[in-house]
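Undergrad: Residues per chain, in single letters:
2 protein chains.
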Amino acid sequence: MNDPIGVFDSGVGGLTVAREIMRQLPGESLIYFGDTARVPYGSKSRKTVCKYSRQIANFLLTKQVKAIVIACNTASALAREELEELVDVPVIDVVRPGARMAAETTKNKRIGILGTESTIKSGIYEEYLHQIDPEITVVSKACPLFVPLVEEGLIEDRVTEDIVGRYLHDMKEYEIDSLVLGCTHYPLLRGVIGREMGESVRLVNPAYETAKSLKEMLREKNLFAAPGNRASHRYFVSDGVEKFISFANAVLPCHVSETTVVDIESY
Amino acid sequence: MNDPIGVFDSGVGGLTVAREIMRQLPGESLIYFGDTARVPYGSKSRKTVCKYSRQIANFLLTKQVKAIVIACNTASALAREELEELVDVPVIDVVRPGARMAAETTKNKRIGILGTESTIKSGIYEEYLHQIDPEITVVSKACPLFVPLVEEGLIEDRVTEDIVGRYLHDMKEYEIDSLVLGCTHYPLLRGVIGREMGESVRLVNPAYETAKSLKEMLREKNLFAAPGNRASHRYFVSDGVEKFISFANAVLPCHVSETTVVDIESY
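Heads up: the protein sequence lines correspond to chains Z and U, in order.
All you need for the numbering used here is the position in the first sequence, starting with 1, plus 8.
All you need for the numbering used here is the position in the second sequence, starting with 1, plus 8.
Just so you know, the hints here were simulated from the structure itself, not pulled from any lab data.
Take these hints with a grain of salt, some might be off.
The list treats identical chains as interchangeable, and a pair is accepted whether it falls inside one copy or across any two copies.
[Claimed, not checked] Cross-link-like lysine to aspartate or glutamate pairs, in silico, DMTMM-like; alpha carbons within 20 Å at most: (1) Lys59 <-> Glu273; (2) Lys149 <-> Glu125; (3) Lys59 <-> Asp271; (4) Lys55 <-> Glu273; (5) Lys149 <-> Glu204; (6) Lys71 <-> Glu93; (7) Lys251 <-> Glu125; (8) Lys129 <-> Asp178; (9) Lys129 <-> Glu159; (10) Lys117 <-> Glu183; (11) Lys74 <-> Glu90; (12) Lys59 <-> Glu89; (13) Lys129 <-> Glu160; (14) Lys55 <-> Glu250; (15) Lys59 <-> Glu93.
Kindly produce the complete structure, drawing on both the sequences and the hints.
TA: What follows is the structure, given as structure tokens:
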């Protein structure tokens, strides 16, 4: 069926997930929503993130989406269960695919998780990983400065290296061998993080795994777009169209010329 | 009249303004609202910041406030005029008092302004300063990393010193002699900023000037609370009560034990 797939994030970060979906599922149309008026979610409570996610899901349903991808780790951590109850289309989150890949990758059963304050506080990665294998040791760390550093463009910078070194200190102590980049902005720092951790540590980017999970789900439920479907993507935000468009054009393989502002509080 | 004064900010930063009001006007009761569910405002558009400010003003009016203090530089920069049209009580902002003090302080007529992206982009400080004296040179700089650094507790830290050095580079080139700390978090970095700029530069903290302006306005309009009035303060937020209470108790001279969550989108 050629209905679009809804993808949402607190802001622009989820575009890295949208990009992976476009790569792995080039025949599928996307409806992307970025909640740029209320970004970030990573420091906010479960109640608030659930409310915002519900409003967005309601909006996406008005666009006849056949599935919803929560392309935000914080919303995945705090609101997935509630969204699954609310909507009658399949919901894919970014946390479970990332956790699964980390569990498959680790050899010494020591996994590190980097994420926002709310994602880490939720304990969701530990929960999934211990469901897969109770013997896995999980070392998690909230990295609140990573998003502002990335947004300020300090990707390869001595300040970023300094901060990365501090946040990863415990990960190195525990000798983890698999590290989940549990926020959509973090893969942009994979160079610095990789150098700090060394070659023996595998970095897991949930965006890639999420697109794979989505593909599996579409196959299982027979929801693929018809062969030869011409995919078309649409973009919606709650604030700041220009900034969104310039980020989108830096990230996505296709050109974005139009974005619509949505009064998301009314959904 | 003993009605309270409404004070609002995008989050906790405005508590530094509330503190100054409590110090300078100990007989006045305050209703504080922190929009912790939608913080920060500094990267958002005029339209969105105006909408949020309107909702908050509507909420404050339900508490019979006799005046509204916009204790947020971004909301002051983007939404003051609109709020003045909307409400029929006096509105005090943090930008005009800070600009006035900088203009009084400068000797070489070169003033620096530090603020959020949206405050700096609005050009509001330039506008006020040039109304006072068209010959003043204004050097302004958005400092998006200051708030995250303060919130991560990196007040006296080599990383903060490094970032401060970069943001203040232009200010030093232009040899300003007066520097407005145009965001409520920035006075917490006054140590580092002061060392970087040197003793010849006067740092202006708008919180102090705002409380002074409020006092003048209450006197002019005969709105002071009755002598001997026992001030009582109440706190409202849109998210995250515990975090707010712990910050409030670190900042305010009085003990905060209770905070109420408000569904601000419905105002």
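Undergrad: Output the numbers, in ascending order, of every earlier hint that fails for this structure.
TA: none
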